[in-house]
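Under the numbering used here, think of the first position of the sequence shown as 426, with each following residue one higher.
Keep in mind that a hint or two might mislead.
Calculated cross-link-like contacts (lysine to aspartate or glutamate; reagent style EDC-like; alpha-carbon spacing at most 20 angstroms) [stated by the list, open to error]:
id, residue 1, residue 2
1, Lys533, Asp577
2, Lys524, Glu597
3, Lys556, Asp528
Simulated restraints, written as ranges between beta carbons of each label pair [unchecked claim]:
id, residue 1, residue 2, range
4, Asp587, Pro449, 36 to 46 angstroms
5, Arg467, Gly440, 15 to 25 angstroms
6, Asp482, Asp528, 18 to 28 angstroms
7, Thr468, Leu427, 16 to 26 angstroms
If you are wondering where the hints come from, they were derived from the structure by calculation, not from laboratory data.
All C-beta atoms, glycine included, are put in the ideal place defined by N, C-alpha and C.
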Amino acid sequence: MLTPLLDALPAPQRGLWPLLARIPRHYALYGGTAIALRLGHRTSVDFDFFSDVPLDDDAKGALLAVLQKFGRVSVLQSERNTLTVSVSRDDEPVKLKVKVIHDRAEGKDYQDIAAMLAIGQSLAHGLAAVKSLFGPAVPAMITLKALSYFDDVNESWRVTEDVKTTISSAIEQLSAQWSEAPIVLHALGCVRAD
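Could you build the full structure based on these sequences and the hints that come with them?
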């Protein structure tokens with residue numbers, strides 16, 4: 426089991442960390458915070474949770490009631506598989522970050538991808554997973570163009586020359602084909618209450 430690098434969390438989020446053990450096992454922590462807890466390369470302030478278990482309205486209401494005990498809760502998206510704690514296998518976060526590049530151009534996302542690539546995670550595997558999850562709705566060529574275009578990035582100060590070089594090198598090393606990838610969840614070092 427991975428020991429999270431809790432220094433990646435500000436003090437208020439570190440205080441919440443032990444309480445997150447109460448969240449059911451079918452939830453997984455994804456996104457920038459999951460990556461920062463593994464790599465310690467930056468501070469992250471939010472918790473992005475996903476699940477493969479659909480929630481009906483009653484279950485969503487119950488979950489929101491529990492989450493409100495931690496503070497103010499805002500529902501930003503309420504679709505299937507978008508509410509989630511546990512962290513995925515080491516290469517799961519790169520899969521979702523590669524997809525995020527389609528939705529926005531923020532420096533922190535490029536920074537996260539470069540950090541994951543620098544420790545040996547696979548861009549090809551990330552692209553394959555996006556293909557598996559989203560099919561033709563998220564063409565790999567568009568993802569690669571977005572990954573290699575840095576001029577319109579919010580928080581451009583995060584996209585250093587090292588970040589650009591790491592991402593560009595990974596793109597140059599890609600083979601022309603990759604297969605679909607399975608989605609597997611694993612837990613991040615957090616003792617469960619159940």
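A quick look at each hint next to the structure:
As the CA atoms of Lys533 and Asp577 are separated by approximately 13 angstroms, the hinted pair is consistent with the 20 angstroms bound. Between Lys524 and Glu597 the CA atoms are separated by roughly 19 angstroms; this keeps the pair inside 20 angstroms, and the hint holds. Straight-line distance between C-alpha atoms of Lys556 and Asp528 comes to about 15 angstroms, which keeps the hinted pair within the 20 angstroms bound. Between Asp587 and Pro449 the C-beta distance comes to about 39 angstroms, which sits within the given range of 36 to 46 angstroms.
Checked against the hint of 15 to 25 angstroms, the C-beta distance between Arg467 and Gly440 comes to roughly 19 angstroms, which is consistent with it. Here the CB-CB span from Asp482 to Asp528 is close to 26 angstroms, well matched to the stated 18 to 28 angstroms. Taking 16 to 26 angstroms as the suggested C-beta distance range, the pair Thr468 and Leu427 conforms, at roughly 19 angstroms.
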